[in-house]
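S.K.: Chain by chain, the residues:
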Amino acid sequence: MSTPPVLRVRDLTTRFHTSHGTVTAVNGVSFDVARGETLGLVGESGSGKSVTAMSVLRLVAKPGRIVGGRVELNGTDLLTLNEEEMRQRRGSECGMVFQNPMTALNPAFSVGWQMREALTAHERGNGTAGRIHAALADVGMPDPERQAASFPHQMSGGMRQRVVIAMGMINEPQLLIADEPTTALDVTIQAQVLDLMKNLTRDHGTALLLITHNMGVVAKMCDRVAVMYAGEIVEEAPVDELFGNSRHPYTRGLLRSIPRADRPRQKTPTLPGSPPDMSRLPAGCRFRDRCVFADDRCENHPDLLAVGARHKARCWKTQNGETLDETALSQEVPHGV
Amino acid sequence: MLKMIVMRLLGVALVLLAVSALVFAFGALIPGDMTSVIVGQEGATQEQFEAVRQRLGLDKPLPVQYVNWLANALQGDFGTSPITGRSVASDLVRQFPVSLELALLTLLVSTAIGLPAGIVAAVHANRRLDVLIRVTLLFTFSVPIFVIGILLLLVGSRWAPDLFHVSFTPWSEDPVMHVRSMAMPLLTIAFPITAMTMQMTRASMLEVLHAPYVVTARAGGVREKRIEYLHALRNALPPIVTFIGFQLGILLGGLIVVEQIFSLPGLGRGMLEAINTRDYPMVTATTLVFATAFVIINALVDLLYPLLDPRQRGR
Ligand SMILES: Nc1ncnc2c1ncn2[C@@H]1O[C@H](COP(=O)(O)OP(=O)(O)OP(=O)(O)O)[C@@H](O)[C@H]1O
Ligand SMILES: [Mg+2]
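As they're listed, the protein sequences go chains A and B. Quick note: the first sequence, position 257, residue 245 per the working numbering, numbers continuous. In the working numbering, each number is its position in the second sequence, counted from 1, plus 6.
Just so you know, the hints here were simulated from the structure itself, not pulled from any lab data. Just so it is clear, CB atoms sit at the ideal spot from N, CA and C, and this is done for glycine as well. A couple of the hints might just be wrong.
[As the list claims (entries may be wrong)] Away from chain B, derived, C-beta distances all over 12 Å, residues of chain A:
{"hint": "1", "residue": "-8"}
{"hint": "2", "residue": "12"}
{"hint": "3", "residue": "54"}
{"hint": "4", "residue": "121"}
{"hint": "5", "residue": "177"}
{"hint": "6", "residue": "227"}
{"hint": "7", "residue": "232"}
{"hint": "8", "residue": "240"}
{"hint": "9", "residue": "262"}
[As the list claims (entries may be wrong)] One-sided and incomplete, this derived list gives chain B residues near chain A with beta-carbon spacing under 10 Å:
{"hint": "10", "residue": "212"}
{"hint": "11", "residue": "216"}
{"hint": "12", "residue": "222"}
{"hint": "13", "residue": "232"}
{"hint": "14", "residue": "315"}
Go ahead and model the full structure; you've got the sequences and the hints to work with.
M.R.: Following this line, the structure appears as structure tokens:
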């Protein structure tokens, strides 16, 4: 790849200082997202996906603080900018779509007013009304003039999420970050909203960082996937490679816990155990306690290293060319609910 | 919208009717009645007593008395005070403007200071400015009104007699003196009310300053000041407005104390005097005025609500 990536994150580390101690929610995370590419960021609840996303735009609220690393957006390290320079880049170079469209829009203002805010934060210009209507039409809203005048509470969840996406895209940013954009929506609406995001980002060549814990969404949307566990990326690979040849036991577990059409939902194995307490992380591999392959080497903390072309994993076993024997995995007791 | 207003007004009328019945019932429940006040405790024969009762209509059943009282009240006739011999209505007309002026001025001053102070405190939550604002205002709040009043009275009459003219002067007599005579009562009652407004505004703002839509706006690059003073404040406002309306009610109670301390001829002082002298018609009439004012204020705030919160408007 000769063109530099739109987003290049290096060794990003974000900590929360609380009364219970210090939590390193994001620990030395590195990844790239190229123009027109969709990178999926997956992992269990609490693994640090949202904090990673918020760190990119420097929106982590107290008691959180970015303590190190680089976040290069279009070649500029955002962590070196002052607050005003940072503000100018939010929304214009990077848009954001949040999980819950029921709360992401301001209930006191009309949809059009809020879109105008997003637009005029970056430029004063004529034709804002036209651009707002066009943006609403782009996300498939019928009758944009009327919709612009309505208030969020007058719309359905799916419609609101379209508005949030339209707001995120209205300044035509090079990067869009979507944090579980469909989790809060009805299943029937989820597919429509995903299709919409896919088409929009493709048409504009937008880089998309898509956070989800739904492997089905990953399969449908992503070019590459980064898997997070306890604040670290444990595996990163192109999507086909990850589904067909994952090289980390945690990813294997995640893939096995996808509900499948050919077996009843109750039979879907869930990953045994739970993620470690982030304020008291074990030394060595963080997945060790839940890993059926763990051995003495895992007392030491593994690095994220190449295990194939464009494929990295944080596991002693696969880094040494050993295979993860599926028969060992199937001996797990299925944890049905 | 028009239909809604009509419905609300009907509701207000019903509430007022209920309030009037309650006020009347309380008056009737107080042991003894006006007759003994008029006739005097001793030396009156049973016949004299009955004659007065009959003249006042107190021998009729309570519902009839209520209807008569209400019919008269609706025409502005609250009877004659057996104590002062004046018509109760004329006293009310004299006292009401004094209290209303004090209440409205207090609300104006407390909102003008408390609202911005609360907003600034919330925006600077737990930093120096916030702590300064809260310590200052909450200190005044923790001191009872009568203590502030007496302190001001002492300080004012001793070191600044020109600034604070102490005895009440009506506006019509001497506007300048009037303003001076209102200054200290106003200051006294405005302190705690300002502290309350500040505290309520701060809490309401803090709630919305961390709302997800604020994060959305921030992620869209909207300027921080604009987010705080427009996006967030707009959402914090409805409960604050309700609270300020509610404060008017509290104020009415506060007036009793302040008017007493500063000898202001307002409703509060009038009421206290009436209670002390068992001036039944005066007590019921004043209570009715206070209650009516409270109901009307709340109705106004209710009508204001849809303007402030779009979710309260029809779809
Ligand atoms: N405000 C906070 N105060 C303290 N710790 C926090 C805070 N926010 C996040 N954390 C820590 O950061 C970790 C990662 O949180 P994050 O929200 O990024 O998880 P996530 O991967 O997005 O999970 P989910 O799938 O539930 O959204 C949490 O486990 C928690 O320990
Ligand atoms: Mg999250």
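S.K.: The structure should be examined with respect to each hint, and the outcome stated for every one.
M.R.: Quick rundown of the hints versus the structure:
no.	hint	verdict
1	-8	holds, 23 Å
2	12	holds, 22 Å
3	54	holds, 16 Å
4	121	holds, 18 Å
5	177	holds, 19 Å
6	227	holds, 27 Å
7	232	holds, 35 Å
8	240	holds, 34 Å
9	262	holds, 27 Å
10	212	violated, 13 Å
11	216	holds, 7 Å
12	222	holds, 5 Å
13	232	holds, 8 Å
14	315	holds, 7 Å
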